[in-house]
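Colleague: The primary structure of each chain is shown beneath.
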Amino acid sequence: MLDMIKGVFVDNGFVTAFLVVGLTMWLAYFISNKLTKGRIHGSAIAIVIGLVLAYIGGVVTDGSKGISDVSFLAGIGFLGGSMLRDFAIVATSFGANFDEIKKAGIRGVASLFIGVILSFVVGAIFAVMFGYNDAVSITTIGAGTATYIVGPVTGAALGASSEVIAISIAAGLVKSVLVMVGTPFVAKLIGLNNPVSAMVYGGLMGTTSGVAGGLAATDAKLVPYGAVTATFYTGLGCLLSPTILYLFTNMIF
Amino acid sequence: MVIYGVAILAGCFLVGTIAGEIIGSLMGIDSNVGGVGIAMLLLIVFVDKLVKSGKITKPSLDGLSFWNQMYIPVVIAMAASQNVLGALTGGPLAIIAGIAVVLISWACVPLLSGKKTADSSFNNSALRGEADA
Numbered sequence: 001m002l003d004m005i006k007g008v009f010v011d012n013g014f015v016t017a018f019l020v021v022g023l024t025m026w027l028a029y030f031i032s033n034k035l036t037k038g039r040i041h042g043s044a045i046a047i048v049i050g051l052v053l054a055y056i057g058g059v060v061t062d063g064s065k066g067i068s069d070v071s072f073l074a075g076i077g078f079l080g081g082s083m084l085r086d087f088a089i090v091a092t093s094f095g096a097n098f099d100e101i102k103k104a105g106i107r108g109v110a111s112l113f114i115g116v117i118l119s120f121v122v123g124a125i126f127a128v129m130f131g132y133n134d135a136v137s138i139t140t141i142g143a144g145t146a147t148y149i150v151g152p153v154t155g156a157a158l159g160a161s162s163e164v165i166a167i168s169i170a171a172g173l174v175k176s177v178l179v180m181v182g183t184p185f186v187a188k189l190i191g192l193n194n195p196v197s198a199m200v201y202g203g204l205m206g207t208t209s210g211v212a213g214g215l216a217a218t219d220a221k222l223v224p225y226g227a228v229t230a231t232f233y234t235g236l237g238c239l240l241s242p243t244i245l246y247l248f249t250n251m252i253f
Numbered sequence: 254m255v256i257y258g259v260a261i262l263a264g265c266f267l268v269g270t271i272a273g274e275i276i277g278s279l280m281g282i283d284s285n286v287g288g289v290g291i292a293m294l295l296l297i298v299f300v301d302k303l304v305k306s307g308k309i310t311k312p313s314l315d316g317l318s319f320w321n322q323m324y325i326p327v328v329i330a331m332a333a334s335q336n337v338l339g340a341l342t343g344g345p346l347a348i349i350a351g352i353a354v355v356l357i358s359w360a361c362v363p364l365l366s367g368k369k370t371a372d373s374s375f376n377n378s379a380l381r382g383e384a385d386a
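Going down the list, the protein sequences come from chains L and F. Sequential numbering from 1 applies to the first sequence in my numbering. Sequential numbering from 254 applies to the second sequence in my numbering.
Isolated chain F, as found in the complex (with noise of 0.2 Å):
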């Protein structure tokens, strides 16, 4: 069923969540850690299993497919609803800095991620994700 599809990811956005609150107030910040980052490992891993023990069907995955498809409208409604008059009038200050960070922060992608590899299992690995959004 769709949902249950819908139920996993649901499930390890929540627990990746309150382990992103955890760590945050272990560190002593009021805010969450990596919350999110933890539930996309989780939701790799948990549905890599499922999948390969056959243990899920295909409309249990449209229901992760669908939210996975999503992704690009919902971002498009985030930008619409980004504070950009207040970017645009922070001042002198805030735009200059925050275009000087953008382009040197750019300028180091290069230098981290270093050489090319060759990348055969990415371009194979779309097989999931839709191809095209």
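Next up, chain L with everything else stripped away, as it sits in the complex (with noise of 0.2 Å):
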């Protein structure tokens, strides 16, 4: 009987993702309400139940895709995957205003260069701090500081050690996992509130997951302007690192 009902989940898996992300945004807003008194946005909530999961999901399965590994909760890998993230992020534009977009335009460019080359460097500095000494490692480690597609990509190109790639996928996940649950928190601090400061946010932060969730958790409305900028910095960042900002750590070291 168990192995009927879980064989049911397992085969219509993405009906499954829907359920359980149902209750558990049930669940959040429940405990937002009741607990918080609305202090503490629902769906922040719902995010952290969200990254609770994906740790409990790692340590029983030893996976990289959190809950998802999970056999009957694979779908929500798909539900949550880069595909349907990055389609409903290009829903979020609808009820955007595009000369918002456009007054901010000059600062989220720069905010996007100052973002990538700004990373790199903490990043660097951390890796030289730890010890690395050597131009390809300390740019990788850099590069991860980025995101954790723009540490491997460099990584690869530079013909990194897996060890140092490793670290730098880390380091982009410990960026990317505080800023999803961090930004609610600082947002009033930063003045995270109209549409410049939230591509300016994107464009520094550039983590597209971080960025999207961390919005969500402030503000819906906020998301498209930060979205807009943020999914250009993984590729800027690809850009960069290996080329000019590797030519540089390299005349340093």
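Mixed in with the good hints, there may be bad ones.
Lysine to any residue pairs mimicking SDA-like chemistry, simulated, CA-CA at most 25 Å apart [stated by the list, open to error]:
id, chain 1, residue 1, chain 2, residue 2
1, F, K305, F, G264
2, L, K102, F, S306
3, L, K102, F, L314
4, L, K188, L, T36
5, F, K302, F, S318
6, L, K188, F, C361
7, L, K103, L, L189
8, L, K188, L, F30
9, L, K6, L, F78
10, L, K102, F, G264
11, F, K302, F, A272
12, F, K302, F, G264
13, L, K34, L, G22
14, L, K188, L, V48
15, F, K311, F, V255
16, L, K102, F, V304
17, L, K102, F, L365
18, F, K302, L, F98
19, L, K103, F, F299
20, L, K102, F, A272
21, L, K103, F, L365
22, L, K102, F, T270
23, L, K103, F, P363
24, L, K6, L, I56
25, L, K103, F, A360
26, L, K103, F, V298
27, F, K308, L, F98
28, F, K311, F, M323
29, L, K102, F, G367
30, L, K103, F, C361
31, F, K305, L, F98
32, L, K102, F, K302
33, L, K188, F, P363
34, L, K102, F, L294
The hints are simulated quantities; they were obtained by calculation from the structure and are not laboratory data.
Combine the two chains into a complex, taking the hints into account.
Modeller: Structure representation (structure tokens):
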């Protein structure tokens, strides 16, 4: 009997994902309304529950895709995978104001370059502090603090060791998770309440998952503005890190 | 029809993604450069034109609105499929560097976004998207 039910969940993974995510959101909004009296946004709680589930999934299955490595929850990996994530991000621009995007255009582009370079420098400094002294490793770890995609792309291009690439991915993951969880708590402090600051935020942080989740938990109306810049960040990082930023690093070390 | 709205969304998504791939290959990197961002701008401009010329019906807009509102559930599914274990077991360098870069970037947001401007249009613009998610 149990096997049969599990079989139905496994065979209909995508539909199961709708049910599980729906229940998660219901629980999150229940906690938000009853326990925090609405002070912590329901979607912020839902994202934290999601991350906790992802951690449990990682511990139980030893996989790298969170709870979706559990066979009957694989559909969650599809629902939250890059295709539907990007599709839903594009859909958020329905209702966005193009004039606001144009108004913040230059600041958005500037924040992209500053964001990539700043992340790279911070990551590189910590790599040096932890004893790495070859340009390839320093560049790869610097690239990883940009996003967890830029790190391995750069590392592969420069021929970094797999240990260094693993560190660069982990650094990018830490960044992504922290942005997801932390954004609603710092939003007020850093003036994250209008399209301009949201575009700057997307450009500076760059992690699409982090920005997408963090802004959703702060104010869903800000999502399209943050996402529109953040989605350029990884590409720019992949462009700058193995080339110009590597050359600079190589000159220093 | 609802599918028209979804099809417009899918069309913009695919055109943007193709454009992103082309930009990526022109830059000589195996990565999509800004495809989603381009798709977003396309959708904004295209839907705006359709709405203003009255060529799109309410059910078609509902197709867009549905996916707009599915965003948060998708993000939660995304959070649940992250490699959180990998982040927490990546060693001290990864954790410290990851935390430091976020704190420093947060501090830079007010510097770059400048003085808060009066955003009258922003607060009135949620006419098509949902107000609360």
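Colleague: Each of the hints needs a verdict: does it hold here or not?
Modeller: Results for each hint:
{"no.": "1", "hint": "K305(F) x G264(F)", "result": "holds, 20 Å"}
{"no.": "2", "hint": "K102(L) x S306(F)", "result": "holds, 22 Å"}
{"no.": "3", "hint": "K102(L) x L314(F)", "result": "holds, 24 Å"}
{"no.": "4", "hint": "K188(L) x T36(L)", "result": "holds, 18 Å"}
{"no.": "5", "hint": "K302(F) x S318(F)", "result": "holds, 17 Å"}
{"no.": "6", "hint": "K188(L) x C361(F)", "result": "holds, 14 Å"}
{"no.": "7", "hint": "K103(L) x L189(L)", "result": "holds, 23 Å"}
{"no.": "8", "hint": "K188(L) x F30(L)", "result": "holds, 24 Å"}
{"no.": "9", "hint": "K6(L) x F78(L)", "result": "holds, 18 Å"}
{"no.": "10", "hint": "K102(L) x G264(F)", "result": "holds, 23 Å"}
{"no.": "11", "hint": "K302(F) x A272(F)", "result": "holds, 21 Å"}
{"no.": "12", "hint": "K302(F) x G264(F)", "result": "holds, 16 Å"}
{"no.": "13", "hint": "K34(L) x G22(L)", "result": "holds, 18 Å"}
{"no.": "14", "hint": "K188(L) x V48(L)", "result": "holds, 19 Å"}
{"no.": "15", "hint": "K311(F) x V255(F)", "result": "holds, 9 Å"}
{"no.": "16", "hint": "K102(L) x V304(F)", "result": "holds, 20 Å"}
{"no.": "17", "hint": "K102(L) x L365(F)", "result": "holds, 16 Å"}
{"no.": "18", "hint": "K302(F) x F98(L)", "result": "holds, 12 Å"}
{"no.": "19", "hint": "K103(L) x F299(F)", "result": "holds, 19 Å"}
{"no.": "20", "hint": "K102(L) x A272(F)", "result": "holds, 20 Å"}
{"no.": "21", "hint": "K103(L) x L365(F)", "result": "holds, 14 Å"}
{"no.": "22", "hint": "K102(L) x T270(F)", "result": "holds, 21 Å"}
{"no.": "23", "hint": "K103(L) x P363(F)", "result": "holds, 17 Å"}
{"no.": "24", "hint": "K6(L) x I56(L)", "result": "holds, 19 Å"}
{"no.": "25", "hint": "K103(L) x A360(F)", "result": "holds, 22 Å"}
{"no.": "26", "hint": "K103(L) x V298(F)", "result": "holds, 15 Å"}
{"no.": "27", "hint": "K308(F) x F98(L)", "result": "holds, 19 Å"}
{"no.": "28", "hint": "K311(F) x M323(F)", "result": "holds, 18 Å"}
{"no.": "29", "hint": "K102(L) x G367(F)", "result": "holds, 16 Å"}
{"no.": "30", "hint": "K103(L) x C361(F)", "result": "holds, 20 Å"}
{"no.": "31", "hint": "K305(F) x F98(L)", "result": "holds, 14 Å"}
{"no.": "32", "hint": "K102(L) x K302(F)", "result": "holds, 17 Å"}
{"no.": "33", "hint": "K188(L) x P363(F)", "result": "holds, 11 Å"}
{"no.": "34", "hint": "K102(L) x L294(F)", "result": "holds, 10 Å"}
Consistency with the previously given hints is maintained throughout, with no hint failing.
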